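Enquirer: Chains as they are written, first to last, in UniProt numbering: chain A, 1 to 359; chain B, 1 to 359.
No lab work stands behind these hints, which were simulated from the structure alone.
It cannot be assumed that every hint is accurate.
Claimed, not checked - Only some residues are given here: those of chain B computed to face chain A with a beta carbon under 7 Å:
id : residue
1  : Gly9
2  : Ser33
3  : Gly296
4  : Pro298
5  : Asp301
6  : His333
Treat the numbers as computed from the prediction; the structure is a model and nothing was measured.
The beta carbon of each residue, even a glycine, is placed where N, CA and C say it ideally should be.
Protein chains: 2
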Amino acid sequence: MNDVLAPGGRIGILGGGQLGRMLASAAARLGYSTHIYEPGACPAADVAADWTQASYEDLSALHGFAEGVDLITFEFENIPSSALDALVSACPVRPGRRALSTSQDRLVEKEFLSTLGLATAPYRNVESLADLNAAIDQIGTPAILKTRRFGYDGKGQVRIADRAEAEVAFAQMAGAPAILEGFVNFSHEVSVIVARNASGQVSCFDPAENLHRDGILRTSTVPARLSNSQQQDAILLAGRIATALDYIGVMGVELFVTPGALVVNEIAPRVHNSGHWTQNGCTIDQFEQHIRAITGLPLGDGRRHADVVMENLIGDDMDRLPALLEEPAAALHLYGKAEVRAGRKMGHVNRVTPLSPRS
Amino acid sequence: MNDVLAPGGRIGILGGGQLGRMLASAAARLGYSTHIYEPGACPAADVAADWTQASYEDLSALHGFAEGVDLITFEFENIPSSALDALVSACPVRPGRRALSTSQDRLVEKEFLSTLGLATAPYRNVESLADLNAAIDQIGTPAILKTRRFGYDGKGQVRIADRAEAEVAFAQMAGAPAILEGFVNFSHEVSVIVARNASGQVSCFDPAENLHRDGILRTSTVPARLSNSQQQDAILLAGRIATALDYIGVMGVELFVTPGALVVNEIAPRVHNSGHWTQNGCTIDQFEQHIRAITGLPLGDGRRHADVVMENLIGDDMDRLPALLEEPAAALHLYGKAEVRAGRKMGHVNRVTPLSPRS
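For reference, chain A alone in the conformation it holds in the complex (with noise of 0.2 Å):
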């Protein structure tokens, strides 16, 4: 499809968290109206046209859904290849399987940013506790061991401080591959949501500086405290990766800030949690920069026009609410899950002000 899909038509998401009810809503604002396919609940369904409630390995309600829609995206990277090949053949995916196939395993990832000449942490495939003991060798401790596949928000990872620890740790993999990968010295972390079209235009938002806890996103914050030069090198090394990819929708980008370079820690094929800022900061947002760039249209100018500090509201988060809501700065946005639980991001808040000068 390098056709522009004209307002009124019908967008897949595969997903119903909440970046596909996100991605839902901003669909909604430019005329689009969305299905979701989702197995289990599904804050998405509250906001779109339609739901269907299948596995993803339903082949037959997979194609059921191809064929009502337009055009499918999705809102997370680990989607089955048997899924997507009964989608693609259906009906366009936007992104394609080349970003999924590099994002889904580690080492495919590294492998494809080395290519590039881009720096990432060091790392070793580890296959054999072998394979993990010269890994060590090679790399040092502390290391961090993490299944190539299926990894998010710190899950699938074990910290190895010593190499006496290797063994336990290979253990804890339980046979899936992995990869060892090696501290990077960085003052702090940093992304860029950058966005690409069909026609190859690319836009990216000012880089967010992230701050995670217990390996989950708490805050972004915009401006970054990064140089002018950084600054450049981050949107152009996020503009290089997603053109390498022929990258067709939103990106985010992970970056360590080192004295001497960025360092991209990961890159993930979708809308990203360090970018929900720009649904306060932007005239158009990440959301609506995604459905943009998937649908053919021209992306939105990314600029900024505010200030802000983007909060997640993690589990009992949700009870400062009352507290939220009075901030007259706060601009609320909550995901309608039913169930508080622990460590579930609930949703979030943009604290706003006015735009500064660059530090």
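Got chain A; can you put chain B on it based on the hints?
Expert: Coordinates of chain B only, in the frame set by chain A:
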């Protein structure tokens, strides 16, 4: 209901047009789900959890609807009394009947405003041709004969340039109760979007300056051309109206600016087209403000952080979509209506520029 409806609750919305649609999206941002009641085509259904398609005469459908939601609001004021009777017995309806009965009838509305000491256009009740002729004697021409009920966007109105036209004009009312309104010699028209909640808290957005063509709003601009004291007068009188009606929710108050005073044109007990600029000019927009008011949450701060010109996209204005999508400062809001028709509101665009000093 003086209690707060906590996020997670379900809000019923009478009417499924663009106002219902944008209310539903705002409710979702605060974690509420929505259920639309709409007999006809329903742009709002695409962003709501549920939709009852039934007429306002279907008491059983109304009952079912009311029993499935925690709270009911509406996007239009011409709700039949019998439908309201059926609803209020099962569920709180906000704003309440006082505001509806006042604004549904131009005569009652004008009398209410006069009682508050507010200036209105000169008016007379017209029940017969003799009444009309007497009214013309008192008010003069030109004047406008308007049905007391069910008028909107210039419908149900006849302009009388000369008393010789009285008989033809009266015949056009087809026996409907009417009023004759004299012309007001105004320089421009502004409106205030005022919110009030059950605790009596009141908050106004900055007045917008409105331009109509063919009886339909074309643009709303903030800041409006108003002196500081006029701006304060506008806000004070809007607050006075809301308080006198014991109003709960967001209300639009249209004002004519004359050298002597602000003359109230009409009030609309709902979110208002002239408040759409708040979506991109304020941290909390009129739709969220309405949801906050009716659910008992604290009102948001209505402060404006940008200048905005809102332009309605009417009928074949939609042909300009390609150019609008290329404008960097243009935030598009399309309503997802299936069919473009002359005079039909298809969407709007908010053009955002940095905050200017008050003019």
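Enquirer: For every hint, state whether the structure bears it out.
Expert: Consistency of the hints with the structure:
The closest approach between the C-beta of B:Gly9 and any C-beta of chain A is roughly 10 Å, which is over the 7 Å cut-off, so the hint fails. Hint status for B:Ser33: holds, given a least beta-carbon distance of 5 Å to chain A, under 7 Å. A distance limit of 7 Å between C-beta atoms decides the matter here; for B:Gly296 the minimum to chain A is near 11 Å, and the interface restraint is violated. Checking B:Pro298 against chain A: minimum C-beta separation of about 5 Å stays under 7 Å; hint holds.
Satisfaction of the interface hint for B:Asp301 is found here, the shortest Cβ-Cβ separation to chain A being roughly 3 Å, below the 7 Å cut-off. The beta carbon of B:His333 is positioned within 7 Å of a beta carbon in chain A (closest approach about 6 Å), and the interface hint is therefore held.
When the structure is compared with the earlier hints, violations turn up for hints 1, 3 and for no others.
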